[in-house]
Amino acid sequence: MSGSSRQLPAAARRRALAIDLLAAAAIAAVAIALAAGVGVLGFVALPVLLVGLVWLGLEALARRLRARRQLN
Amino acid sequence: MAPPPPRRGLSAWRRARRVVLLAAAICLIPAAISFLSAVREPHNVGLGVTSVEWMRAHGGNGIVSQIENWYYTLTAPAKGGAPLKALPQVGVASAETGAKPAYRPPRIKPLIHPALPGEGVWKPAAAHAGGRPPVLLTTFRSDPEYPQFVAGVAWIDSARTHLAYVPGLAEPPEIEHRGPAEVPSRLRDRVAATFNGGFPLETSNAGLIYRGQVVEAMVNGIATLVEYRDGRIDIVRWEHGEAGSGHVWFAKQNLPPIIYAGKLNPNLSDGPEWGETVNNAVRVWRSGLGIDRRGNLIYAAANYQTVGSLAEILRRAGAVRALELDINEDWTTFISYRHPGAGEPSNLLPEMFRPDTRYLTPDERDFFSVYVRPGQGW
Numbered sequence: 000m001s002g003s004s005r006q007l008p009a010a011a012r013r014r015a016l017a018i019d020l021l022a023a024a025a026i027a028a029v030a031i032a033l034a035a036g037v038g039v040l041g042f043v044a045l046p047v048l049l050v051g052l053v054w055l056g057l058e059a060l061a062r063r064l065r066a067r068r069q070l071n
Numbered sequence: 000m001a002p003p004p005p006r007r008g009l010s011a012w013r014r015a016r017r018v019v020l021l022a023a024a025i026c027l028i029p030a031a032i033s034f035l036s037a038v039r040e041p042h043n044v045g046l047g048v049t050s051v052e053w054m055r056a057h058g059g060n061g062i063v064s065q066i067e068n069w070y071y072t073l074t075a076p077a078k079g080g081a082p083l084k085a086l087p088q089v090g091v092a093s094a095e096t097g098a099k100p101a102y103r104p105p106r107i108k109p110l111i112h113p114a115l116p117g118e119g120v121w122k123p124a125a126a127h128a129g130g131r132p133p134v135l136l137t138t139f140r141s142d143p144e145y146p147q148f149v150a151g152v153a154w155i156d157s158a159r160t161h162l163a164y165v166p167g168l169a170e171p172p173e174i175e176h177r178g179p180a181e182v183p184s185r186l187r188d189r190v191a192a193t194f195n196g197g198f199p200l201e202t203s204n205a206g207l208i209y210r211g212q213v214v215e216a217m218v219n220g221i222a223t224l225v226e227y228r229d230g231r232i233d234i235v236r237w238e239h240g241e242a243g244s245g246h247v248w249f250a251k252q253n254l255p256p257i258i259y260a261g262k263l264n265p266n267l268s269d270g271p272e273w274g275e276t277v278n279n280a281v282r283v284w285r286s287g288l289g290i291d292r293r294g295n296l297i298y299a300a301a302n303y304q305t306v307g308s309l310a311e312i313l314r315r316a317g318a319v320r321a322l323e324l325d326i327n328e329d330w331t332t333f334i335s336y337r338h339p340g341a342g343e344p345s346n347l348l349p350e351m352f353r354p355d356t357r358y359l360t361p362d363e364r365d366f367f368s369v370y371v372r373p374g375q376g377w
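Each protein sequence line maps, in turn, to chains R and X.
Numbered according to numbering that gives the first Met the number 0, the first sequence spans residues 0 to 71.
Numbered according to numbering that gives the first Met the number 0, the second sequence spans residues 0 to 377.
Simulated from the structure, these hints should not be mistaken for laboratory data.
Treat the hints with caution; some may be incorrect.
Here are the in silico distance ranges between beta carbons for each label pair [said to hold, decoys possible]:
1) R:Glu-58 with X:Gly-47: 30 to 40 Å
2) R:Leu-20 with X:Pro-76: 46 to 56 Å
3) R:Ala-32 with X:Pro-76: 24 to 34 Å
4) R:Ala-10 with X:Ile-28: 27 to 37 Å
5) X:Ala-24 with R:Leu-60: 16 to 26 Å
6) X:Gly-261 with R:Ala-32: 44 to 54 Å
7) R:Glu-58 with X:Arg-39: 35 to 45 Å
Idealized CB from N, CA, C, for every residue including glycine.
Isolated chain R, as found in the complex (with noise of 0.2 Å):
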């Protein structure tokens, strides 16, 4: 099987990674644009940020909770 035929999962997540990247600077481009100064900007940034990385905190520890559990 040829390297081209079939990415290697580290590759495709690499590839995804800077796909998602292009995408959000996109969209922040968009939002610097349209919004009325970096006062709004960053009132609405800040808790959407704060929230999801609350929220891969808790998933990541549940994870982990589950992983023990199943060991146990």
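Put chain X on the given structure of chain R with help from the hints.
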């Protein structure tokens, strides 16, 4: 040993979440740079106030005003309550000098009976003011439905004093000859009082002339505190176009007049003409400046005021024309000085939030200084 199972890629919604979080992080970069540079500038207010001011100045004024509206509406005081037994002491007892008595404004007639000791009675702000004090102070209960509200009022003798406009560190944002943003050391021997300015230019929909130069285009129909080059002070409804005439030394505009020709503005309830801030019916610290029939200035401030009730206070104190000045506890300040050299400063009302040394150090916002004219003793 079997190889580990290949990791599956992220599901579509997780990728969407990642995109949103990355976009939020990118958006925060310019916001954080702007905020940190604002915080690093010199201030004499706390981080909370600085953050709110930064938010207002960077497109978030509507959001801040809406949150303030909700907050002040939720914390609005209830009517009634126990009657007050005493008013805060302001000014000093008048000393008999034997000199020819000068004009003094009439006592402010109390609204609530029986009147409390000293209610509405003018007292000199300075300790050795003689028979013709440049600044007089009083307090009175301003609303029979809210008998615990106390208004502080100051009367400023225009013949004995000179009013100066002092730019702050950050307000107005663009100005030549900004100065020290505090009462200059060389003028402290003559400073009798200092008080807050109006709304920031960004939210007042109004103009400013300073040292005869237009800083922000003037707006017709807006209430204007104006000093002419001959030293005369007046409060007018501006009708001289964006640049005004060459006779003006400074002119500070703030919203439409709240009193004109002795009558309250009939549109005090609310509307877009009152600036991008909390609405007029919200009870909050408010301040205003009026002028009486003789051309003397009258400053008033109190907590829990609507624009309408502030106008009533000024009219009762004798104002025939008046404009609203700044609002909220962080910005409402009137300080008198009992001794020459800015000695023994004192807030008009003890509840005033800012220290009585506020204008003896550089301040964020523009303000007014009242100086005893040269040759006029204390």
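Here's how the hints hold up against the structure:
1. Range check, Glu-58 (chain R) to Gly-47 (chain X): about 33 Å between beta-carbon atoms, so the 30 to 40 Å window is met.
2. A hinted range of 46 to 56 Å holds for the C-beta pair Leu-20 (chain R) and Pro-76 (chain X), which are about 52 Å apart.
3. Evaluation of the 24 to 34 Å hint for Ala-32 (chain R) and Pro-76 (chain X) yields a failure: the beta carbon distance comes to about 44 Å.
4. Range check, Ala-10 (chain R) to Ile-28 (chain X): Cβ separation about 28 Å, and the 27 to 37 Å hint holds.
5. The supplied range of 16 to 26 Å is met by Ala-24 (chain X) and Leu-60 (chain R), whose beta-carbon atoms lie about 21 Å from each other.
6. Look at Gly-261 (chain X) against Ala-32 (chain R): about 51 Å separates their beta carbons, and that is inside 44 to 54 Å.
7. A C-beta distance of roughly 37 Å is found between Glu-58 (chain R) and Arg-39 (chain X), which places it inside the suggested range of 35 to 45 Å.
In summary, the one numbered hint that this structure violates is 3.
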